[in-house]
Amino acid sequence: MAQSVAHKGKHSADHDHGHHDPNELKILGFWFFLISDVILFSVLFATYIVLRQNTAGGPTAEELFEMPGVIAETFILLTSSFTSGLAVLAMNRNQKKQLIGWLIVTALLGAAFIGLEVSEFVNMVNEGATFTTSAFLSAFFTLVGTHGLHVSLGLAWMIGLMIQLGKRGITETTKGKVTVISLYWHFLDVIWIFLLTIVYLMGVM
Amino acid sequence: MAQHKTAETGSHGHDSHEGHGSLKSYVTGFVLSIVLTIIPLVIVLNDLLNRTATFVVIFVAAVLQLVVQLFFFMHIRETEKPRWNVMGLVLGIIILITVVGGSIWIMEYNKIGY
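As they're listed, the protein sequences go chains A and B.
As numbered in my numbering, residues 1 to 205 make up the first sequence, in order.
As numbered in my numbering, residues 1001 to 1114 make up the second sequence, in order.
If you're looking for bench data, these hints aren't it; they were derived computationally from the structure.
Take the hints with a grain of salt, since some may be wrong.
Claimed, not checked - Cut-off 27 Å, straight-line C-alpha distance, at most; resulting in silico cross-link-like pairs (DSS-like, lysine-lysine):
hint, chain 1, residue 1, chain 2, residue 2
1, B, Lys-1024, A, Lys-177
2, A, Lys-97, A, Lys-167
3, A, Lys-167, A, Lys-26
4, A, Lys-26, A, Lys-96
5, B, Lys-1024, A, Lys-96
6, B, Lys-1081, A, Lys-26
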């Protein structure tokens, strides 16, 4: 009990804003960005669902999708979502090294995901399934590519944040940023689950 | 555990924001997500069910995984009231269902157009 009170005291020392925590408003603002991103993806999903049968004589989803790579991408992204959560836990314990360490693991998993996705796209293009082959493939590359672009931007952002954490340590500002990027990363994992279900699983079933 | 109690009974609000989940909640969420990913993969890749049943199961698994991530990873319950984030999310989902559902409905019943 005494220990927990002391622990709490230490926390509020550098974090004593009570209900008017400035990070709270930033996190809420970021939520609204994520919701606007949900709307962006809803349009791309709707386009893909409507056009998925329009292969114009080109390859169909069933012929094209290589499930082993997709399954690997799924578990890599899911694990990176978990490790970004572990980064937040390390931040809450004020352990800078562990925080940066988990962010590095998260970024490496994200990079592995992007690598697999790029090689998947390159293989498709080499098989003659390009963006302009059919309406199905235009919708496919736009939808999956937009998600991949989000992950790539998240990677650049995460690297920048790690540099800032290395220089300034865990401060009120960097705490808000880590919280926001972990929300972003979980969000990208959720979008991927729906990509896996609607694009890949429904494509090969 | 004791710390958690103090946070709840003591100065309300501040620590619940600071707390943002425990290792236990992240591990639970991770395990549930893995299970909810493996079930649809096994069903689809082994052709275990007919088309309609497969569709229902994989879609329910995806929605459940969304819920798991919202609660265990994104801590949607742990914000202070009023929960603007939940209200915004509900609005986003209404727009999503309108756009996706509306597109499917119109394009399925108007095949002559394209």
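Evaluation of the provided hints:
1. B:Lys-1024 - A:Lys-177: Distance ~23 Å between B:Lys-1024 and A:Lys-177 Cα, so the pair holds.
2. A:Lys-97 - A:Lys-167: Roughly 12 Å separates the two Cα atoms, so the pair holds.
3. A:Lys-167 - A:Lys-26: Since the Cα atoms of A:Lys-167 and A:Lys-26 sit roughly 22 Å apart, the hinted pair holds (cutoff 27 Å).
4. A:Lys-26 - A:Lys-96: holds (22 Å)
5. B:Lys-1024 - A:Lys-96: Given pair B:Lys-1024, A:Lys-96 holds - Cα atoms ~21 Å apart, limit 27 Å.
6. B:Lys-1081 - A:Lys-26: holds (16 Å)
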